[in-house]
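Visitor: Residue numbers (this note's numbering): 442 to 740.
Hint data in this document are derived by calculation from the structure and do not stem from the laboratory.
In this text, a Cβ means the ideal position worked out from N, Cα and C, and glycines have one as well.
Between beta-carbon pairs, the in silico distance windows are:
#: 1; residue 1: 495; residue 2: 629; range: 40 to 48 Å
#: 2; residue 1: 480; residue 2: 458; range: 17 to 25 Å
#: 3; residue 1: 526; residue 2: 621; range: 34 to 42 Å
#: 4; residue 1: 453; residue 2: 719; range: 15 to 23 Å
#: 5; residue 1: 525; residue 2: 608; range: 49 to 57 Å
#: 6; residue 1: 586; residue 2: 465; range: 57 to 65 Å
#: 7; residue 1: 480; residue 2: 621; range: 25 to 33 Å
#: 8; residue 1: 581; residue 2: 617; range: 14 to 22 Å
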Amino acid sequence: MPVWLRGAGLDAVHWTGHDGPLVGDVRAIVTIHDVTPVTHPELHPRVRVARSRLVLSRLARRAAAVITVSGEARAAIVERLAVDPARVHVIPLAAAGPFASVKHEAANEHEAANEHGAFLFVGTIEPRKNVDGVLEAFSMLRREQPESRLVVVGRPGWGVDLPAGIARRRLAGSVAWLRDADDAELASLMAGAVALVAPSIAEGFGLPVVEAMAAGLPVITSRGGAQEVVAGGAALLVDARDPASIAEAMVRLDADPDLRAELRARGRARAAQFSWARTARETLAVYQTVVVGPGRSVT
Numbered sequence: 442m443p444v445w446l447r448g449a450g451l452d453a454v455h456w457t458g459h460d461g462p463l464v465g466d467v468r469a470i471v472t473i474h475d476v477t478p479v480t481h482p483e484l485h486p487r488v489r490v491a492r493s494r495l496v497l498s499r500l501a502r503r504a505a506a507v508i509t510v511s512g513e514a515r516a517a518i519v520e521r522l523a524v525d526p527a528r529v530h531v532i533p534l535a536a537a538g539p540f541a542s543v544k545h546e547a548a549n550e551h552e553a554a555n556e557h558g559a560f561l562f563v564g565t566i567e568p569r570k571n572v573d574g575v576l577e578a579f580s581m582l583r584r585e586q587p588e589s590r591l592v593v594v595g596r597p598g599w600g601v602d603l604p605a606g607i608a609r610r611r612l613a614g615s616v617a618w619l620r621d622a623d624d625a626e627l628a629s630l631m632a633g634a635v636a637l638v639a640p641s642i643a644e645g646f647g648l649p650v651v652e653a654m655a656a657g658l659p660v661i662t663s664r665g666g667a668q669e670v671v672a673g674g675a676a677l678l679v680d681a682r683d684p685a686s687i688a689e690a691m692v693r694l695d696a697d698p699d700l701r702a703e704l705r706a707r708g709r710a711r712a713a714q715f716s717w718a719r720t721a722r723e724t725l726a727v728y729q730t731v732v733v734g735p736g737r738s739v740t
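Modelling step: build the complete structure from the supplied sequences, incorporating the hints.
Guide: Here's what the structure looks like:
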């Protein structure tokens, strides 16, 4: 803990990124987005797994309150980190403004011309996000739809050699990799895409799912876990560990404009249930609980 905090006279301090004090007397509120290094160690680097096992449980048990982003993440925190359920608060994330303002003229132009738009993957290039499974599924799709394209947006992580995976499947001419994109750029990509393909193996929330739904982009995501709950019945669900299941959903969406239109409408309605105003309001309520107790307000 920074030395200056000890004499700062603060009522509480909020750490927002899997960090916080392990000693000292400052009341800590910590945000833990997921505990997948503990629940799925095979999907993370060894250093991250070791740190999580050593630090996260101590950090979460010491905190005055823990904020997480889904009921699934909360259950894992309570069970695997042995934290009092009363101190773990679920506050979902939301999509930024550019996504809600997306217009789909580009997608409609593709449909009118009977062309194939691009599928979109968004996430760090690492095993947990299942980008290799998406590449394999896309390779299967290309056998039926050789004109289909895939855009991968994500920074290099660990454990996946994306260029090698593309080359091994002979997809170099049909897969584009953008290492980074801001919200406006990502929203623009969503405007002309067929669907977001987001079959992560383990997630605490899955923000790209909400962003895509807010943009009116159909979503393919994993059955079971946080992403299914976040999608709330507004996505096609697949077996994340079965590329054939992912490919089947891609083929189905590529061929069915009525299904795409239905998922756009359902997705936008679902995304409207998440907002940053709600996130801020519920976060403030946690601060008030920690500082003055439940049911009372800071004056």
